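Put chains B, X and L on the given structure of chain P with help from the hints.
The chain contents come next:
Protein chains: 4
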Amino acid sequence: MHTMQSAQASTEEVSTESVSSAQAMLEHYRRVRQFSETLCAPLSPEDCAIQSMPDVSPSKWHLAHTTWFFEQFILAEYQKAYQPFHPQYAYLFNSYYISQGERHARPQRGLLSRPSLHQVLAYRHEIDRRIAEFLCSENLPTEIHSLVTLGLNHEQQHQELLLMDIKHVLSCNPLLPAYSEKERTPSRASSPPRWITHSGGLQEIGRTVAREASDAHFCYDNETPRHKQWLEPFAINSHLVSNGEWLEFIRDGAYQNPLLWLSEGWDWCQQNDISHPLYWQASDTEWQEFTLQGQVPLDHNQPVCHISYYEAAAFANWAGARLPTEAEWEYAAGEDHSVFDLHPNSCENGDFGQVWQWTASAYQPYPGFKALAGGLGEYNGKFMSSQIVLRGSASITPSGHSRRSYRNFFYPHMRWQFAGLRLARDA
Amino acid sequence: MHTMQSAQASTEEVSTESVSSAQAMLEHYRRVRQFSETLCAPLSPEDCAIQSMPDVSPSKWHLAHTTWFFEQFILAEYQKAYQPFHPQYAYLFNSYYISQGERHARPQRGLLSRPSLHQVLAYRHEIDRRIAEFLCSENLPTEIHSLVTLGLNHEQQHQELLLMDIKHVLSCNPLLPAYSEKERTPSRASSPPRWITHSGGLQEIGRTVAREASDAHFCYDNETPRHKQWLEPFAINSHLVSNGEWLEFIRDGAYQNPLLWLSEGWDWCQQNDISHPLYWQASDTEWQEFTLQGQVPLDHNQPVCHISYYEAAAFANWAGARLPTEAEWEYAAGEDHSVFDLHPNSCENGDFGQVWQWTASAYQPYPGFKALAGGLGEYNGKFMSSQIVLRGSASITPSGHSRRSYRNFFYPHMRWQFAGLRLARDA
Amino acid sequence: MHTMQSAQASTEEVSTESVSSAQAMLEHYRRVRQFSETLCAPLSPEDCAIQSMPDVSPSKWHLAHTTWFFEQFILAEYQKAYQPFHPQYAYLFNSYYISQGERHARPQRGLLSRPSLHQVLAYRHEIDRRIAEFLCSENLPTEIHSLVTLGLNHEQQHQELLLMDIKHVLSCNPLLPAYSEKERTPSRASSPPRWITHSGGLQEIGRTVAREASDAHFCYDNETPRHKQWLEPFAINSHLVSNGEWLEFIRDGAYQNPLLWLSEGWDWCQQNDISHPLYWQASDTEWQEFTLQGQVPLDHNQPVCHISYYEAAAFANWAGARLPTEAEWEYAAGEDHSVFDLHPNSCENGDFGQVWQWTASAYQPYPGFKALAGGLGEYNGKFMSSQIVLRGSASITPSGHSRRSYRNFFYPHMRWQFAGLRLARDA
Amino acid sequence: MHTMQSAQASTEEVSTESVSSAQAMLEHYRRVRQFSETLCAPLSPEDCAIQSMPDVSPSKWHLAHTTWFFEQFILAEYQKAYQPFHPQYAYLFNSYYISQGERHARPQRGLLSRPSLHQVLAYRHEIDRRIAEFLCSENLPTEIHSLVTLGLNHEQQHQELLLMDIKHVLSCNPLLPAYSEKERTPSRASSPPRWITHSGGLQEIGRTVAREASDAHFCYDNETPRHKQWLEPFAINSHLVSNGEWLEFIRDGAYQNPLLWLSEGWDWCQQNDISHPLYWQASDTEWQEFTLQGQVPLDHNQPVCHISYYEAAAFANWAGARLPTEAEWEYAAGEDHSVFDLHPNSCENGDFGQVWQWTASAYQPYPGFKALAGGLGEYNGKFMSSQIVLRGSASITPSGHSRRSYRNFFYPHMRWQFAGLRLARDA
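Chains as they are written, first to last, in our numbering: chain P, 1 to 427; chain B, 1 to 427; chain X, 1 to 427; chain L, 1 to 427.
The hints are simulated quantities; they were obtained by calculation from the structure and are not laboratory data.
One should not assume that every hint holds.
Quick look at which bits of chain B chain X covers, simulated, 3 or more residues with Cβ under 8 Å [claimed, not checked]: (1) 93-104; (2) 383-392; (3) 417-426.
Below, computed lysine-lysine pairings styled on DSS-like, alpha-carbon distance capped at 30 Å [unchecked claim]: (4) P:Lys228 with P:Lys370; (5) L:Lys370 with P:Lys228; (6) X:Lys228 with X:Lys370; (7) B:Lys370 with X:Lys370; (8) B:Lys370 with B:Lys228; (9) L:Lys228 with L:Lys80; (10) B:Lys228 with X:Lys370; (11) B:Lys228 with X:Lys80.
The structure presented is a predicted model; accordingly, all values stated were derived computationally and were not measured.
Where is the CB? At the ideal position from N, CA and C, for every residue including glycine.
One chain only, chain P, in its complex shape:
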């Protein structure tokens, strides 16, 4: 799942206008950090403590872990004789950084009634205070800017995870409580989908390793290095597959037809009794869907969401098409090519679509990929097996945290992330 990929931090020079830069950085820091707490505002202390499955973390844990990240990789690293806020928080809130010491087992994050939400917020505020103080200190090491940028991107990733996770938590409650009371406006049918043809050839994808990873040019190391790929001519669809189209797939008996599925996918369907996307529920008269706004009638015009890779691949097969490779996706999303319709429907946040899009590509290192040295770089590649790349972004992706080269990745059976699909085919 979500790895915390480390930034391609420049360790060389720092901008000369350090004062104003520090101010801007601090401003940005406060804005991003505040947003995590804003996201928790509708939640009770109990909501924030629940772990509904091993993949899910409690909201409270997200709030604390992202704070530990700043404490561990900046304060503890750069401040002499730094005294941790609490002697056991490193144990409780380290996610998977083996080099940073022992840690609490992931499936047991939901057993931690203490520290309370209130105590976690106090932890946040004290670390924020210390960070602010530190950022205002003189002779700040040049790499601090990059580390803060990385920490804030990390926080943004967790903001999306927090929403994915709380949706799952609330969905497990028979009361089906809404996270947000905001009304959903039914979407309008958009322009009809069309196939966009690309000629392919020798193309470059990925990102150059940055000399300086300012906010605007930040990327994770798994997006590097920029490298060549040969692409055969292909077509990609302008639209995401919609709920309405998925209903046709269901009605055609596709969930009962093994010939459409990968062998693993078919076994997964049988073992887990899968016959529709996660969060869908059939009533007597209509399909309903559990959302962050509670249980609502299924909106046929919206992109289908919460499907596994297996389902996406079966749908593409059924539709006589295939999933795009990540290289095709990135190339097709490029500026100097005719872009596909990234916003088929109403979409507030999603810069690259309302749902992440499964690709045909296994998550593997780009040719020439190099892991960074040190604690943060420790795990750059350690998740590069058995997972699948998703491209785009989702409606819950924080503003500013999406880009053409972003490589999201999940195991093929996972569905609680906001994942849909876009079709492709050979041209």
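Then chains B, X and L, alone, in the frame of chain P:
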């Protein structure tokens, strides 16, 4: 595990002094009900929501379930056109009463962040108000007194469960928080243990089915009927086995010696890597024990607690003794016989010892046992397989909720209840 | 499951007519040992190697294990400088005797293609030769006769296990091969069932510890000591419950009615999708049953077989009756009381009925039970937890291997043994 | 795992010299079919019936399944009113062809004592007779030659599987029996390993879809189509990693160092207690290895074998190198490039090395891959998820069944196949 055994309710007459009786009943009702909330006073909303294993229920769930019990079996049963407090609470807070409709799966009680603790307390107070009103109504059916008595005994059982459960919840937190800050006073060595011999013969155990189950004479139906058992001469020890004695068992390598164990018990040890009682922890210099007062040094004079039946049986074997049968235990605890020392150490609440005592008896119906008719009687015997009877009571058993004939029961591998042992042998 | 309970061997004197006694013993030895091989005659080498579930052992393993028993407990024990037949057979063919050294894991007995069936038979014949030689030696220790008797009773137990196991093995093959081609003659309806009333009172059950365990008086130690039990008046049915009666139970929806079941039993049904006895199969027009003679139409007059304790208890509940305790069963089967109809139908081998009969009694030690010293006595009680006593015998029980006091035992969910039930009720 | 990829069969013309061609084909058919039986010659009926884990099939099953393949896809398809040899063999011996009907569950192949080995051989001989008769018939459809070729390649795949599987079966027996008594000659140290540099660029890999798939040009469809890949400059090692080098990896504590491993791989090590390759065993004085010739001292010069992808990746990481991609491997193995030393040691059969070589590439369809129509083509891509490509061949690969473009694939944790590794690095 703990079944909610229904009362032997008389359905015939009601005492003529109904007014004062109703007042006394209400007074008793309020006292018992209030105590459940008092037990939760040291707990945060998050503490009350956690389920640390399938056998454990969140404190909040105990508070709500005991309330549902009164609502379901009294208000809904006896009030015309009764409107439930909440349409889904019967689903959420029914434990295992199949006749009372569908219910939330037990292992998922910890997924319910809603209703909040605050809402559950509001539920309690409203049902308390309705019950009080109902009890003051005229022409109260004669069986109400018995039902209230049963409901309060049920509540007391859950008070003990709540403490067992919250101890387990807190023990799973690496911070090892204390439930109560009250200091533990080290116990003094008591008088030396001695063997008390009984001549046996044809004895009666169990309780006669009550004509009228007033508070003072209440018992669960699994304690009935009173019946004869032939006992060979035997001796029973005056004392519970102590932590100090258990340390000798450990030091003698008993956890590594398969010849001392039941075959099932040995397999259980190997599969779960068992080498000491639950909640014990060896540090470099001494043994420590997690308690409701937090982590403390092991008190050698205290009775050993949190052991499985398998461990109890192996200890008895190692000691050249055996466990008493439940008939022997009850007979030995009788008034007209020399009773064993029920309070070897300081013991506040426990009327029959500080820890429940594993017996040699499988939990099975007494000869002539009859299940009551109706919803409450529905499950009188349904837990009578594969479990073992424990006798006595524990330090956390509510005052007034223990008696000589009480049959507690757990599966042989279970350890989170407050269970120890007393030795017996053939005379 | 089946423990190998050790004999109550006298260690004192031996009969003076030692020569003819040794001859008779050897004769008996050969007859019993030969019968094991006769049972395997219809089987191929592959049939004899398969383990269809962890509880089942391959036929070949039974043949070897019973041989190892004689080698280990007689030859290796009593012959100076005894050279084992094969250095690793003790490892491969020790079942569960921890004191006799390490052993091959039970669930992996089916992985042993070597030694071949041919080699196992060679092993048997060589040990038979050595035993014969040994029994003809002078100054035979007095306890040898008891050990041989025990070994032969052990072999007979395994003869029944071998048939139970091979039936399970063959049932897993879609070809549904028959073990034996012998035709089954349909049974006639017997005399109508009737209730036989017993007055109870203080009764003795179990067996006195034998001074000398000659063949005719052999018993396992779990049948001892003889002891008193108080019995209330009760009635027991003359007949075993039949397939026809079980069909009524099915047609009445009993497998779908949780109120009839023990809580554990209901969960077991749900988790394993149980809706009929093991080996039954519904076709379009009729019920069929897999037997040692292959797939045959269900015979309504035959006793129901291959049911779990949970099913037996639910049936008794449905029928407004209960299971007898083992004390009631043994008392009712006694000489000086009106015995129940042990052979309701055609029954070739079964001395006490065609199927073992689940009782209401947990398998626990009799009061005063003492484990023997030494390797064979090592495990006398180690299986006395969580299992249920069955009484009687089955059509596949070897002739001469059944008696009134015999205590068979299995876990309550087990069904591959030949188990049915007889009803009882309070008088 | 091993998919049965279907041939790229031409359906157009057939060679005019049909008679001699049919003769040659039949000759080839007999030779390949006979070799399967030759491989089973050292095995007993019991050896041939055992399934030691779900991934393993009994030898007998391999013999029958490859026969069913010819019966199903040739005789049943092309002969009018074809009567199957046995009505249930299609059920028993269909592996995973959903379009060909229901089939016996894979993990239960070891439960089939019947049909016996003898009956399976009779099945083979009768189908061989019918095939021979059919191949001599006039007007043979043009695609038969391709289907026979495919069936024989399928048989060869299963010959390798049979050896992998029987090695696993025998390894589970504490007697550690040898499959073959042939002595192993210790290998000599070969020439020192060296890095071979390739300039990369736009290269073609894979195979053109054949117009006519004669034996000499046969390939599976997953090897097609031939397509371009851009390769950066890289170096590949001339030698396979040896047992001696693996010992250095072990001695350096690599199995205890999480920083060397993929996250999944580390979890796999911990959960399965992995500290050396499968079949290795440490004695007091030396390492031993279980082989088809029984237990032997570890040969340091031999290529390491029976490692998982996780171990291969960790080794490469430890060695400061990486695994080659499958494109790099195929390109480096090409005729017009300096090939690496495919035979570092004595190697009888392996055309491309003694062990399969894990690559860095996930098993996915080549660009433009098209599944064939019909039953055989049904599953061409259904295994293309979560598996890893291995290239080369192994010492147990049948002669003539290896080629540069061959794509073998297994799950990353699998080790019972003959898999090792060759290192690569960026140039």
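Going down the list of hints, with the structure as the test:
With a cut-off of 8 Å between beta carbons, the region 93-104 of chain B has 3 residues touching chain X; three or more are needed, and the interface restraint holds. Counting residues of the region 383-392 of chain B whose beta-carbon sits less than 8 Å from any beta-carbon of chain X gives 4, enough to reach three: the coverage restraint holds. Restraint check on the region 417-426 of chain B versus chain X: 1 residues with Cβ-Cβ distances below 8 Å, three needed, restraint violated. Proposed proximity of lysine 228 of chain P and lysine 370 of chain P is supported: the alpha carbons are some 16 Å apart, at most 30 Å.
Distance check on the hinted pair: lysine 370 of chain L and lysine 228 of chain P sit about 25 Å apart at the alpha-carbon level, within 30 Å; holds. Proximity of lysine 228 of chain X to lysine 370 of chain X is assessed by CA-CA distance (about 17 Å); at most 30 Å being required, the pair is judged to hold. Straight-line distance between C-alpha atoms of lysine 370 of chain B and lysine 370 of chain X comes to about 35 Å, which puts the hinted pair past the 30 Å bound. As the CA atoms of lysine 370 of chain B and lysine 228 of chain B are separated by approximately 16 Å, the hinted pair is consistent with the 30 Å bound.
Simply put, lysine 228 of chain L and lysine 80 of chain L have alpha-carbon atoms about 45 Å apart, too far for the 30 Å limit, and the pair is violated. Of the supplied pair hints, the one linking lysine 228 of chain B and lysine 370 of chain X holds, its CA atoms being roughly 25 Å apart against a limit of 30 Å. The suggested pairing of lysine 228 of chain B with lysine 80 of chain X is violated, with an alpha-carbon distance near 55 Å, which exceeds 30 Å.
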